[in-house]
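Trainee: So the chains spell out like this:
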Amino acid sequence: MTDTTDTRSHMPLGLAQRGYTGVIQHLAAKQAGSALSDVELESRLIELGFVEGARVEILHEGLVGGDPIAVRVDSITIAVRRREAMAIIVA
Amino acid sequence: MELPLLHLALVGTPNSGKTSLFNALTGSRQKVANYPGVTVERKEGFFVTPLGRQVSVVDLPGTYSLRGRSPDEEITRDFVLGKATGETVPDLVLCVADSTNLRLTIRLLLELKRTGRPMILVLNMFDIASRRGITVDVERLAKELGVPVVTSIAVRRGGTADLLALTDEISAKLAAEPQENSWRALSVSELRATQREADRIIADCVSLPASPDTWTARIDAVVLHPVAGLIVLALILFVMFQAVFAWAKPLMELLQSGFDVLGEFVHATLPDGLLQSFLQNGVIAGVGSVIVFLPQIIIIFLFILLLEDFGYMARAAFLMDRIMGGAGLHGRAFIPLLSSFACAIPGIMATRVIDNKRDRLTTILIAPLMTCSARIPVYTLIISAFIPARDVWGFINLQGLVMFGLYAAGITSALVVSFLIKFFMLRDFAPAPFMLELPDYKMPRLKSIAIGIYTRAKMFLVRAGTTIFSMMVLIWFLASFPQPPAGSTEPAIDFSLAAMIGKALAPLLAPVGFNWQIAVALIPGMAAREVAVAALGTVYAIEGGKEAAEQIGQVLATKWSLATALSMLAWYIFAPQCASTLAVIRRETGSWGWMGVTFTYMLVLAYAASLVTYNVAVALGAG
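Residue numbers (the UniProt record's numbering), protein chains in the order written: chain F, 1 to 91; chain E, 1 to 623.
If you are wondering where the hints come from, they were derived from the structure by calculation, not from laboratory data.
Note that CB positions come from ideal geometry on N, CA and C, so glycine has one too.
If you want the footprint, here are the derived chain F segments under chain E, 3+ residues with CB under 8 Å: (1) 26 to 39; (2) 58 to 65; (3) 74 to 80.
Partial selection, computed: residues in chain F whose CB lies under 8 Å from chain E: (4) Glu47; (5) Val51; (6) Pro68.
Here are the in silico distance ranges between beta carbons for each label pair: (7) E:Leu81 / F:Ser9: 38 to 46 Å; (8) E:Ser384 / F:Tyr20: 51 to 59 Å; (9) F:Gln17 / E:Asp137: 37 to 45 Å; (10) F:Asp38 / E:Val402: 48 to 56 Å; (11) E:Arg156 / F:Val39: 37 to 45 Å; (12) E:Arg196 / F:Asp38: 18 to 26 Å; (13) F:Tyr20 / E:Glu197: 26 to 34 Å.
So here's chain F without its partners, still in its complex pose (with noise of 0.2 Å):
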């Protein structure tokens, strides 16, 4: 995907510490490493509700490692893996 705005500001959700507010900027599969294929993981993001501009906010997290993360996404809370999340870009 192309993007031409601040690109600095950009950055996985996977990364991202408790607390982190921010908005999803695209899907980016690829990156994430997950034993899913890219096409699966991308569709079940968005069918929990992981689409471009929806708000994120990171709830809590998970012991060891900081991981799993619970993530608010606009009105309902997913928990997921760092490892996954490293596909939602946000800014």
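Add chain E to chain F, keeping to what the hints say.
Mentor: Quick look at chain E alone, frame taken from chain F:
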């Protein structure tokens, strides 16, 4: 003229309140079974509409889309499309939505619409939405979606009245000609487009308050805290286990003595002979030894259903996911494995909360390695007979230490087996990444819980009971025939087929230090592990059976070497000695094959563990 049965199907995302709506519509008129060939639970219920139309409603597995990424979701897709084997195409699809959370359901509904099935959108939990200040323009929503929309409050009496009236209205004018199905699997861009469309419709028709549910946020601040959350989880588990062991105990003893009294009555009423023995030892004792587990099963399911309804189960999975992930287990496997410490049967039944087939199979396969309560009588008998009750390092009781070691061995081996399964057996299944909705907390409803416990208890008694019953009859037969010759003074079991099998097996079991008497005791012990204690008593011709456990211990201490005793303990960590567990595995996996795999791998592990234990012990001079 009697109208034909109207077929409804409930479709919705997980946590949409689909099941509470199903319970509200049908009450206890439910049939729970499996879809043919798969491990997916099929729930069908019946009710009558206000206009007197007979209705069958099927509660389909929750799904976020029709892509069918798991066996459950394939069932939902095929059922709606009318492709499920042996199923009727639904006349009307009820798409159930949690009114507080419409995004994902509206997207699903837009996809469902393409199947051409007549449909109603049910805005469930409408009371909670109103209380939170969410307002929905129902008329406009129906117009935008092109689908009738109705609100419902499944948990309130009369909360489904509008839905029932609308069902009558729509079913009266259902078109006879088949509708056009234009559904095909959506591409990623189509998926994205439907979500955008759903978001646009919601923006037009629904006004959301600025703040999310404050109660959920407050509870989660503690419950999902990395440290406090694990402490809360440990406390919940502690209470659960106290309940399973302490609350169930009096009930189990009551049931046991009830069956004993019944057996005694049969013994006293009928003349000595085959019929008396069959009824007392085969039917009453056999079926009784299974039914005594019913209180434990009810209590475990009470906790599981309460926690699930409240919304806590997803949180427990969140907390345990990374900790269990190292062994290749899914976070959701945590509660089923824990339940298996009481009894593997409810544990295996509880694996239904795991939606991924591979994760569920792995959990089912290792659940019997958790030290269940039926092993405790065997462990305590052997430990008290052979392990001296002295302290090590001044403060640790050696007997307690051995007991702990047996539990630890069970857990460790379960993790190792899970790890091996992940790498060698189920590689073809894509592992499920942990992606789970954490629903807002809700007050559990007593009626829903009661219906859930009732259906599970019934299933346990009826289905597992029939299989177990036939196993019991077989074991009784083996232990009773042929009959001893008249005037013989030796125990009757010495002349039986069981003894012949025991003696035939003895050479096989000699390398692990078992004599033929142990081999014989292992055969009735197949029915349930603790039966082996009574069987050893019978074989060594001691009167009193289970009640005289201490006395059996004294006899064993003189007849067995320490190496044999240790070998027996190692055997019991692994041995697949529970017909009921095997029957439940067969039922839950829908396959004799997985039952065979479980039986074989556990038997191999048991033999290997005993072989090593015995030989090491003999080498160290304990032979």
